[in-house]
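There are 2 protein chains.
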Amino acid sequence: MQKFSDYSAHIEKTLRDLDFPGGALAGLYEPISYAMSAGGKRLRPSLTLMAADAFGGAAEKAESAAAGLEMFHNFTLLHDDVMDNSDMRRGRPSVHARWDVNTAILSGDTMLTLATMQVARVDGSILREVLDSFNDMAVKVYEGQRLDMDFETSDNVSLDDYLHMISLKTGILLGTSARIGALIGGASKEDADRMTEYGVMLGNAFQIQDDWLDVFGDSTTFGKPIGGDINNNKKSFLLLSALASSTPEAEALREAMKLPAGPTKIKTVTRIYEKLDMTARCRDAISAYSSKAIAALKATSLSDGNRAPFRLLVEKLTGRKK
Amino acid sequence: MQKFSDYSAHIEKTLRDLDFPGGALAGLYEPISYAMSAGGKRLRPSLTLMAADAFGGAAEKAESAAAGLEMFHNFTLLHDDVMDNSDMRRGRPSVHARWDVNTAILSGDTMLTLATMQVARVDGSILREVLDSFNDMAVKVYEGQRLDMDFETSDNVSLDDYLHMISLKTGILLGTSARIGALIGGASKEDADRMTEYGVMLGNAFQIQDDWLDVFGDSTTFGKPIGGDINNNKKSFLLLSALASSTPEAEALREAMKLPAGPTKIKTVTRIYEKLDMTARCRDAISAYSSKAIAALKATSLSDGNRAPFRLLVEKLTGRKK
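Protein chains in written order, with the working numbering: chain A, 1 to 322; chain B, 1001 to 1322.
Simulated coverage check for chain A against chain B, where a stretch passes if three residues somewhere in it have a Cβ under 8 Å from a Cβ of chain B:
no., stretch
1, 24-34
2, 117-124
3, 147-153
No lab work stands behind these hints: they were computed from the structure.
Virtual Cβ for every residue (Gly too), placed ideally from N, Cα, C.
Turn these sequences into a full structure, and let the hints steer you where they fit.
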């Protein structure tokens, strides 16, 4: 058994070895190389390697698919950054800021096809199943992004709508990363389904932790400025939970949302969240999703030893500061 | 044996029957439905059906892949229209003009994945080969689009550079459409390669005809205003051929390129093209590519009867007014 950090080091090396054409086509491939070298937790491909290893000692065989899942994730970031007009990503200019919007669109498209090609490098016996899982997941991620954008201009977003959206946009990609690894490792259909469930629940917990960190994190460890969601009136877990509470604070929050972006707004909204003890509310939700992830894991045929890194990963991610 | 128009009517019906989710996800799928219903020649999917029929009487079996190839083509149009800032497409507002840029990006991404899913609906025995052909083609189309964009700001584009670019951006998609149809029909590897060559050459001829129509066509039959390429100093077959000629007209053309967009510029450049007899120059190039397409077709194991619609298609497309 290896730890998550061993798998993430493994995939980091695989990604570093990816080779892209240059010359006349540098304008297409340099932004891809730039995006793929930006680091990050490598959560998705590490999950793929970990699952392939747990089910069949097959981490090496899953390298290409793992790299494809990370490339898919990075493709969505390129296009999301254009759509959200986000000029920074992991402490560096995002691709459209460093180059231009057209480059982000076209190099992003290229990444999607390259990702599909890499995921397809699996045994013929599981090609159809892996490919279907990947494509179904991709469509759900787009659906999640569409809902997320539509939420911005809607006054009618419920907490359930939000939870559905994050499972599409975040959960299912983590679930499919675990699933494809399991399939490559030779897992049964039932075990693959359980690993998918594990990943979806882990992803949902992860996203709520992310929402919490955006308010209560430390900007130096979190890697981006605190309060961005508050300034943008982003429909996060915290905002929607707080608005749904039948308290005077919900009304105060509605007023605070009208404030212009800035330190006063961040301070005012943060205080409301503190009064409503949103930290405990987030902790409860994260804990509920984590329990579901662990339950799905326990339902697999994996040995305790092989389950261990997945259990540790839940603890690591839900206790994280970044 | 059927005619091209029978196959295009067939695929038109298949495309009309495509069903997309609505409800909360209408914002994602309505633009896709809009883009797919805009008509056009349906050249690519018709080629797929025609090849599947010629090699194995398997037009029905190729329906899904054909629809996928048309969807891929339309996805590239959505994103190209954003990149080129083109607000009209086939006489209607383009998707980003009718909705917005974010919608064109995200619905376009969705079309790429849906296209891949549809192309993948082939027998398991040819899945890997069809998928590889499709993905390799997609990457080449992006490379062609990148070169096309880079040409805009370059003073060093040769006619050979241009011919390479159009074979990436246009030829290979037509070639792959024919190839995938042939594979579905049960063609040998050699025949599939020859049909690819047929399609690539047909596509190159088609593109040069398009460049010619942009100058000498009739705007009512061509479906878009004449002279757009001239106004934009677009590096077309005509512009690059004329600039490469060691004539006084080449110098006059360089001067005319500095004129502001408008009727005077169009008239001036068109006259230079007339003096250089660019119509004959285009006709020769189209004829050379057409001959190569026919030669590739003749090298296949198809009977004369089964070759006929492909031969007729070359004549139809290179003699077209729209």
